[in-house]
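Peer 1: Chain by chain, the residues run as shown.
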Amino acid sequence: GAGVSQSPSNKVTEKGKDVELRCDPISGHTALYWYRQSLGQGLEFLIYFQGNSAPDKSGLPSDRFSAERTGGSVSTLTIQRTQQEDSAVYLCASSLAGANTEAFFGQGTRLTVV
Amino acid sequence: KNQVEQSPQSLIILEGKNCTLQCNYTVSPFSNLRWYKQDTGRGPVSLTIMTFSENTKSNGRYTATLDADTKQSSLHITASQLSDSASYICVVSATGGFKTIFGAGTRLFVKA
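First to last, the protein sequences are chains A and B. So the first sequence is numbered by the working numbering: it starts at 217 and just counts up by one. So the second sequence is numbered by the working numbering: it starts at 2 and just counts up by one.
Any given hint could turn out to be false.
[To be verified] Distance condition first, Cα-Cα at most 35 Å in a straight line; then the derived DSBU-like pairs of lysine-lysine: (1) B:LYS72 x A:LYS273; (2) A:LYS231 x B:LYS100; (3) B:LYS58 x B:LYS18.
Don't read these hints as lab results, they were simulated from the structure.
Start from the sequences and build out the full structure, keeping to the hints where you can.
Peer 2: See the structure below:
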């Protein structure tokens, strides 16, 4: 696609429910990143994919968070048993392989846990 | 500990004025430093990316500098416009495996 696409754009869920967030990266981008941005805070790295594998999962805040990527393209971030502190904007970015390539961000999914 | 610190936390300037945002980092071994602009409710957009050997890079009215010895970078905005109101985020990456550290950002308000 023309840019990184994330869905849904907004999600309100009840505490304890599971949610799935989707990211469609730019076609041909092998690297994919998930970040979280809480209200008024900076970006927090969650996980990085190179192809379908995730060499760095160090940012996932708890075992309730998981992510997968299939076909080297679409990625889903799953949060199980959501808590109110999970409320944030979840941003996805993609880039070509290589350390010095530009990462392009999606618009984000605003998750609100009530 | 790998860290990226930005200053000031927020800044208010009048339209047409210049400003400079600062970024200090301790990320090592250094690979590259990027500046992003994030409008409210939008994803960050890359302004510049600099590697170890680059001291300055411009993108229109935005000019970034890098001093790899002192581990400092600045983003200078010339002749500010109302549309420059946004958060500016400094991001530093390390070599040898994926490690990218984000600064907390500087919130810039440009007033008419």
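Peer 1: Please go over all the hints and tell whether each is borne out by the structure.
Peer 2: Do the hints match the structure? See the list:
At most 35 Å may separate the alpha-carbon atoms for a hinted pair to count; LYS72 (chain B) and LYS273 (chain A) meet this at roughly 27 Å. With a C-alpha separation of about 32 Å, the suggested pair LYS231 (chain A) and LYS100 (chain B) falls inside the 35 Å cut-off, and the hint holds. Distance check on the hinted pair: LYS58 (chain B) and LYS18 (chain B) sit about 20 Å apart at the alpha-carbon level, within 35 Å; holds.
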